[in-house]
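Let's have the full structure, built from the sequences with the hints guiding it.
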Amino acid sequence: MSEHAAAGTTTSTTVGTTTTGTTTTGTTRNDGPAPRVLTDEELSGLLRQERFGVLASVRSTGHPHLSTVLYDWDAEERVLRISSTADRLKVRQLRRDPHASLHVSGPDVWSFAVAEGEAEIVDPADGAAPGGQPLPDRRVTILLRVSRLYGTALDIPTQN
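Just so we're aligned, residue -19 is where the sequence shown starts under my numbering, counting upward by one.
Treat the hints as calculated values from the structure; they're not laboratory data. Note that the structure is predicted; figures quoted are calculated from it, not measured. The C-beta atom is built at its ideal place from N, Cα and C for all residues, glycine as well. Treat the hints with care, as some may be off.
[Said to hold, decoys possible] Taking CB as the label site, the calculated pair distances span:
(1) 134 / 39: 28 to 36 angstroms
(2) 54 / 79: 18 to 26 angstroms
(3) 130 / 76: 24 to 32 angstroms
(4) 67 / 31: 22 to 30 angstroms
(5) 68 / 12: 37 to 45 angstroms
(6) 75 / 19: 27 to 35 angstroms
(7) 9 / 76: 40 to 48 angstroms
(8) 88 / 67: 30 to 38 angstroms
(9) 59 / 85: 16 to 24 angstroms
(10) 85 / 54: 14 to 22 angstroms
Spelled out as structure tokens, the structure:
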């Protein structure tokens, strides 16, 4: 461990390109505290406390598709419930590829939780009209069964 790491200083190396096209390398020094990994209980509390998050699903091109959603967290079942309409892109993508993540911001810009898992679309009309097109306002529930939960917080001491 370096003397900087022992003293609580974070050092990172950055590589960039200047306007002339040459590559530059620099070192950034951060004397502040390092982010703290949140416990499962803290992560669950953050998901319970907040209501809005950003759902990431996978487009057919492999790129992520991000969508701001309102959700409900069931910590006991480790399931996120998200209401949507059946014709939304996120619903179509999750039917094709159920892998998804939900990013939730904490009380400050340095705190967050991410819930990863596989989604299931619960559609009350499934089987009611086989082969029919969904109505534009037909509601479905996205159940994201969380298999991985992670996040951090930056504990900044208050100044008196």
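Results of checking the hints against the structure:
| no. | hint | verdict |
| --- | --- | --- |
| 1 | 134 / 39: 28 to 36 angstroms | 32 angstroms, holds |
| 2 | 54 / 79: 18 to 26 angstroms | 20 angstroms, holds |
| 3 | 130 / 76: 24 to 32 angstroms | 25 angstroms, holds |
| 4 | 67 / 31: 22 to 30 angstroms | 24 angstroms, holds |
| 5 | 68 / 12: 37 to 45 angstroms | 40 angstroms, holds |
| 6 | 75 / 19: 27 to 35 angstroms | 34 angstroms, holds |
| 7 | 9 / 76: 40 to 48 angstroms | 46 angstroms, holds |
| 8 | 88 / 67: 30 to 38 angstroms | 36 angstroms, holds |
| 9 | 59 / 85: 16 to 24 angstroms | 21 angstroms, holds |
| 10 | 85 / 54: 14 to 22 angstroms | 20 angstroms, holds |
Of the numbered hints listed earlier, not one is contradicted by the structure.
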